Amino acid sequence: MILIPAFNEEGAIATVIGELRQRHPELPILVVDDCSADGTRTVALEAGADVISVPYHLGLGGCVQAGYRLAFDLGFQYVIRLDGDGQHDPAYVGLIRDTLRTSGAQMVIGSRYVNGDGKHTSVARGIGIVFFRWFLALILRKEVHDPTSGFVGVNREALEVFARSFPLEYPEIEALVVLQRLTFRFEEVPVKMRARMAGVSTITAVRSFYYVLHVLLGVLVNILKYQGSKRRI
Amino acid sequence: MDRLLSIIAGVSLLLIAVVLLNIRRAHIRVEYSVSWLGAAVSMLALSQSPWLLTQLGHLIGVNNQPIALLLVVGALFLIVFFRFSVIISELKDANIALTQKVAILEYQINALHEKPQAPSRK
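For the record, the sequence lines run as chains A and B.
My numbering applies: residue 1 is where the first sequence begins, and numbers increase by one.
My numbering applies: residue 1 is where the second sequence begins, and numbers increase by one.
By construction, these hints were calculated from the structure, which means they are not laboratory data.
Accuracy of the hints is not assured; some may be wrong.
What the hints assert, rightly or not - Chain B is faced by these chain A residues, among others (derived, beta-carbon under 7 Å): (1) Ile-52; (2) Ser-53; (3) Val-54; (4) Pro-55; (5) Gly-62; (6) Ala-66; (7) Arg-69; (8) Leu-70.
Since the structure is predicted, the reported quantities are computational estimates derived from the model, not experimental observations.
Every residue gets a Cβ at the ideal spot worked out from N, C-alpha and C, and that includes glycine.
Generate coordinates for the entire structure from the input sequences, incorporating the hints supplied.
In structure tokens, the structure reads:
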């Protein structure tokens, strides 16, 4: 299943769904509309996707988790998430799905920095990526080239975990730490990101400082989180 | 000192009255008023009992009674705020789960009306 969290993406969502349907007509597409103020829901439905609409704005994490919950309930084995703004090229969906199937990893990340060119990243986000790459290498003992990428695929094991519990804001980095605590594996595959087709990024320079603090705290909490009498690290 | 104790006693009585009034008007649920009432009664007891305040001051190593009183009042409010942070967090989690459930159920109901089958499992 393809999962697209969307908030005010009426300008790009139809193109993204159209590209996906053209390349992967066999894959069901689920758009989770995060209470958009524009016509995202209508446009997505007209483009041929299934749409669930949350009654109030949950933020990215809550929105993605709603999709994971439905996918898990429906019995899907693999879910590939991409953004509704067109930055994530559907041409790489096949690569992520195949890597999920063959590698045995519970999560596959589409990374713009593994053989990619890293274009279409703001300066603030670029600095954040470098910092978190270093930070996560300490915690995960494995390099993550693109820790903030939202172009990710998960298998059913990870889906079960994320359907139960998923970080609410800026979930990508915390999700990696959650997987590491469960001794799950992740792989990165090279992708090229495109410029967003419409809308503006939620991570602006002003919010970057809050982003870093929030993610650091979230990672710390996940490291310390007690999970019953037996830790699985 | 006496003036401070009187002010604290007055604030405590006012807090008790406000909380009881809000319980009566159903603006606060009884279970969430307990923390406020507990804090207010503690403040009132401390302000009206110099002996208790002295003992508490010795316990926390502060011989100055007004400072000891203010420290205890501050600590009481921190405890109340912390308790409500926990409650708010629990409510937010429950709210998110309910919101997601509503959205999923709405989707499934619409799918039942519009399509004979749910998406195939790939």
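*Looking back at the numbered hints, which does the structure fail to meet, lowest number first?*
Checked against the structure, no hint fails, so every one of them is satisfied.
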